[in-house]
Amino acid sequence: KAGVTQTPRYLIKTRGQQVTLSCSPISGHRSVSWYQQTPGQGLQFLFEYFSETQRNKGNFPGRFSGRQFSNSRSEMNVSTLELGDSALYLCASSLAAGGAYEQYFGPGTRLTVT
Amino acid sequence: AQRVTQPEKLLSVFKGAPVELKCNYSYSGSPELFWYVQYSRQRLQLLLRHISRESIKGFTADLNKGETSFHLKKPFAQEEDSAMYYCALSGRGGADGLTFGKGTHLIIQP
Chain S
1 KAGVTQTPRY
11 LIKTRGQQVT
21 LSCSPISGHR
31 SVSWYQQTPG
41 QGLQFLFEYF
51 SETQRNKGNF
61 PGRFSGRQFS
71 NSRSEMNVST
81 LELGDSALYL
91 CASSLAAGGA
101 YEQYFGPGTR
111 LTVT
Chain C
115 AQRVTQPEKL
125 LSVFKGAPVE
135 LKCNYSYSGS
145 PELFWYVQYS
155 RQRLQLLLRH
165 ISRESIKGFT
175 ADLNKGETSF
185 HLKKPFAQEE
195 DSAMYYCALS
205 GRGGADGLTF
215 GKGTHLIIQP
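So the sequence lines, in the order shown, correspond to chains S and C.
With our numbering applied, the first sequence covers 1 to 114.
With our numbering applied, the second sequence covers 115 to 224.
Since the hints were derived computationally from the structure, they do not count as laboratory data.
Remember, it's a predicted structure, so these values are computed and weren't measured experimentally.
Ideal Cβ positions, reconstructed from N, Cα and C, are used throughout, including at glycine.
Mixed in with the good hints there might be a few duds.
[To be verified] What follows is a list of derived Cβ distance ranges for each label pair:
#1 C:209 x S:71: 18 to 28 Å
#2 C:142 x S:38: 18 to 28 Å
#3 C:134 x S:102: 38 to 48 Å
#4 C:172 x S:71: 34 to 44 Å
#5 S:82 x C:134: 18 to 28 Å
#6 S:61 x C:198: 26 to 36 Å
Okay, chain C solo, but in the shape it has when bound (with noise of 0.2 Å):
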């Protein structure tokens, strides 16, 4: 079966630090990866996919199938950084449908 862990609920770092949102995934085969975001009062949406190896907002992810993680980082935060994040994952080649972590609320302290 497949599973995606994120195991912080909550992140909370200052302005301008460095943020590392885990994730991890259990699956077989071979996935595709994806972080979904949602920020207050707006619909979830998505942020960036392992396939693309592109940085949107600032945010990368690098897909490590050694350590089957997904880490989503960005060097220095911004308080619009505030929001729900979701990894998610899609088998068969991306073939299913998406699994999602919990998530984690990540909140950006000024």
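The shape of chain S in the complex, shown without the other chains (with noise of 0.2 Å):
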């Protein structure tokens, strides 16, 4: 079955802008985790979403958002960015909510914040 896969692979925005990134789980995965990766900080629990409802929330100011549909598809978005955002973001979708149920990742969006 297709895997995880995130739209668009990559992105250059500008300071101040924002951004909205997608994600489409596997088949019948209702949960969406995302993840920010950085060379500084590594992989950072974002959020995640399960049923359209947010779950659980990392350690990041309220300009990172997210929401979930009705079909498991995940967007995240990204407002009034600033240089430190520019990462590898990852989605990865499981069966169910928490991260005891193996996580399946995307190939993640390169965003890139001039």
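Could you use the hints to bring the two separately framed chains together as a complex?
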């Protein structure tokens, strides 16, 4: 079956702009989690959505938000972009909520903020 | 706050030699521990989890609650084991999102 897909794969934005990233989970998976990966901080948990509800949220400012649709697809939004938001954003889907279930990762969206 | 520490950024061993990738964690409750792996030009994927107590691709990991460690071991390294390895923790019995260590780049030399 098809894996997790993320669009776009690459994105260049200017400081102060906002951006929306999209994630399509594996068919049948109802949980989608988002992670930010940077060379300095590594992989950091942003938030998890399950059945259109945010279940968990990591330690990120309110500029980072997300949502999940009834078909389990998820979007992540970052407003008022800062240079430090440049990162690889990964989404992962799983059958059910919580990190205990195997997470299937997408290829990531590389965001560059100039 | 929960934390996962992987002390080695880079580990280089020869083919056939034993491998041990270290992982220490900090968490006040009962965590679920995992090892994820990323091979070159591939996606991050689950290697193994402590609760299943299984061996995957010859790798094993034992949860040591006394030492708060979850080291990954393999008795005889193979060249195809070269990859980035991430230790991860999920709190509240697995109900929370994953907290990752910063990863260890394992290089197996021929």
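Original post:
Which of the numbered hints above does this structure break?
Top reply: 3, 5
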